[in-house]
Amino acid sequence: MGEIMLEVKGLHFRHQHTEADVLKGIAFGANMGQITTILGPNGSGKTTIFKCMAGIWKPQRGKVFFDGKDILDLSWEKRAKILAIVPQEHEPPFPYTVLDAVLMGRVSHVGAFSSPSKYDYLKAEEAIETVGIAHLKEKAYTKISGGERQLVLVARALAQEAPVMLLDEPTSHLDFRNQVLILSKVREIARQKGITVLMTLHDPNLAMVFSDKAVMVNEGCIASNGTPESVITEDNLKRVYGIDVAVINWNGTKVVCPRVERYD
Amino acid sequence: MKTKSPIYLLILISPFLAGWIAIFIGAYNVSPLMVLKVIAGEIAPFFGNPDIPERAIILDIRLPRVILAGLVGIALSGSGVTLQGIFRNPLVDPFILGISAGAALGCALSVGFFPEIPIQIMAFPFGIVAVILAYTIASTQGEVSRLPLILTGVIISAFFTAMVSIVKFLVDPHKLQSIVFWLMGSFSLSDWKLVKIAGAGIIAGVLPIFLMRWRLNAMSMGEDEAKALGVNVKRERIIFIGASSLAVSIAVSVSGIIGWVGLMVPHLVRMLIGPDHRSLVPLSMAGGAAFMIFADTIARNLTNFDIPVGIITAITGAPFFVYLMKKGGRESWGR
Amino acid sequence: MVIMVAATSWAATITYTDKMGRVVTVPVPVKRAVLFETYELSAGLGVWDRIAGISRYAHENDLMLALKPDIAKTIPSAGSGFDVNIEMLLKLRPDIVLTWAFKPEPVKFMEEKGLKVIAVYPESLHELYEVMRFQGRLFGKEKKVESTIAQMEKIFALISGRVSRIPPERRKKVIWLSGKPTTVSGGIGVNNDMFSLIKGINPASTIRERSADVSIEQIIAWNPDIIFIWGSARYGAADIIGNPQWRHVSAAKNSRVYKAPKWSTWSPRLAIVALWMAMKTYPEYFVDINLEKAADDFYREVYGIPYRKVERIEN
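Residue numbers (my numbering), protein chains in the order written: chain H, 1 to 264; chain S, 1 to 335; chain V, 1 to 315.
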């Protein structure tokens, strides 16, 4: 087990002109080379945590420590060198090639008045190789499938050479096959490159299979925090999602199955 | 810059080609041989350069006019491609967003009420104000979506144009003529003095855009993503918009409002070489220069009148735009 | 354009077909006229009491101010030929409104409001005389108009007499520049008529327009000997003479570029402008003529004031 690299401490957030806190003191840690999944229903605060970490929204209180530095306090450029983000869905404005799209990950390494160098191209190509989409390099990334596009975004985050990667619901717009492919690839990358991966997921089964650690969020608070098996339990799911489930042991792992009345 | 195909080179040299041809054409009949003689005489005085009328025609009338047209084309296209990238919207250009009208108002105020102040100095702040207004009015929670931005730009443009009309009304009708000039766009009074002014101002505006052009790729991904990639969006947007406005304001101050160039040329170039701003920005600028020179050559030679070039760009621009939208429009902006 | 006088039992009327082809019947003599245009024509008729309203530009006009210094206070303005203030106009209860045909929309607008409107746009000396005579009829000042025309004809005769002696090969090429140095007067209009009168050759007369924007190359190709600049242009002779772009144009080379006075050419003053132009074009033929004296005589005859009371011609 790697030591804890990323520490979220005491995150409080509410929208301007509102009374109620959306986040009420979120705190957890994530380890190097591991996937930490944030689970929770819609409106629980998952996306808010994500936006606060990315610097898009400013939390009223709280810090996010990485390697001793509070990344919330950094300039955009410095933060991007530590934290790379893979967004959920993406409306491509123009048909950039896959290579050009991945190359954009190098922005934080290229000065404002410069253009990418050979080295930047090298890193981009490496990322493309790692993710396994080299055959798509020259294709317009608007013309590839949704799953392939998600991989492009992962490659871009990789090209950023940031030790932390944040993925926001990477599977929500994908079909079953692609969901599994993406998450496998992400785990492979996390292990190989020692990246701290933080991921929001809605599907408890995928979380169970692919996480090393799980954090369940409910109504702006941490409901549970620990190994997937300890967090994704029948009680927790009932409490947080309001759904009866059965968590079944199978073949050394656990499977979540909603308990629904048969309708015959 | 990736020089993948000969198209890149062709677009890059197109302004020089257009300029070269333009020098040979004009109301005063100068034989091609004479043109060459005059030019040779300038480069190497050994050929002899007597001050004959043809020399004035080629070197003091056609050449500065062609260069000025090229500079203005660079300013309009460069600004157009930048605004399209920043606002993620292929349907904007400085004319649509109201920058041109704003600058024209600055010019009109200078001509009408403050003749002591050089028009360039009044044009720029008003150009900036126009785009800031358009941007501020159109944004909700810090994001500007496509349609509101275009609509707001159209409104701002109409507003500033109306203000120019008010100035026209209030001002001595004898100064009126000059104000109408701003609204129509023309290179008829080009000379070396204007070339120097335009050169300085337009290059000052276009240079930061050129240097920062790769960042437009990231900016075009949207504000949140650009921030996540490490772009200081607020600061860089100010630089891009400020530089564009400067270039456009100077262009308007020397040649009046010329529309459509900033919209059409980046589109066309994007269709030919793709959206990567590393190449798109310089090639749009080159294409803009070539197009402007071409349009002006038509404007001054089609009839024995010197047609305002803004008319030529509108006549070619509007139908071309419709054609673009119908044909492969969706492709060139990736949807 | 036809003027017919029809006598009815109580009042005379005249019927006039104006520049826009509109046929208008007006009872004469007119008691309350509003003049958006051609006010300089009526200035010498001594009918101030019958002018109910005038163009706002008349309040700044040198001749009007010289003849009636309190004009701004005594004769209100209802706008101008460009922009009509309809409420002000209606308040003035005019019998007739004289404006120009350049902007047809205000004409229709005023007509709809029940006003009698005449739209003029004299494009030749002949048409100018017609409008002057029509004004004479309107105000019952036919005699004065005829005497003004006689004064103008006297000057034109003087000019003609001299310039007809000039052999065709010695005639000079002349052009008239207006708002921009590249806007020239074409083959139609009062300016061109004046050129014909003084036997100057207008190379731009091939363009059958009042005014045309041409490229500067075209002007160089025409190579005029004399250049006249519109009195209200923002630039002057020095801008042409010292300008390297114009250096091969004969007029610029020989410093024969002259800026006209800021006088309207729709005015009897046209005669003096024509004389000035003739003298600038063919000075050798007018050595014995003193322009100041000729102008002074003219102004006294037509307007009853000395020449020095108005804006003088430069140089």
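Where hints are given, some of them may not hold.
[What the hints assert, rightly or not] Partner residues are not named here, just some residues of chain S that face chain V (Cβ under 8 Å, in silico):
#, residue
1, Phe16
2, Trp20
3, Phe24
4, Pro32
5, Val35
6, Lys37
7, Pro50
8, Glu116
9, Ser188
10, Gly222
11, Asp224
12, Asn304
Simulated from the structure, these hints should not be mistaken for laboratory data. C-beta atoms are modelled at their ideal positions from N, C-alpha and C, and glycine is treated no differently.
Going through the hints against the structure:
1. Phe16: 22 Å, violated
2. Trp20: Not OK, violated: S:Trp20 not within 8 Å of chain V, min 18 Å.
3. Phe24: Given a least distance of 12 Å, the restraint on S:Phe24 is violated.
4. Pro32: 16 Å, violated
5. Val35: 13 Å, violated
6. Lys37: 16 Å, violated
7. Pro50: 12 Å, violated
8. Glu116: 14 Å, violated
9. Ser188: 5 Å, holds
10. Gly222: Check failed: Cβ of S:Gly222 comes no nearer than 46 Å to chain V, outside 8 Å.
11. Asp224: 51 Å, violated
12. Asn304: 6 Å, holds
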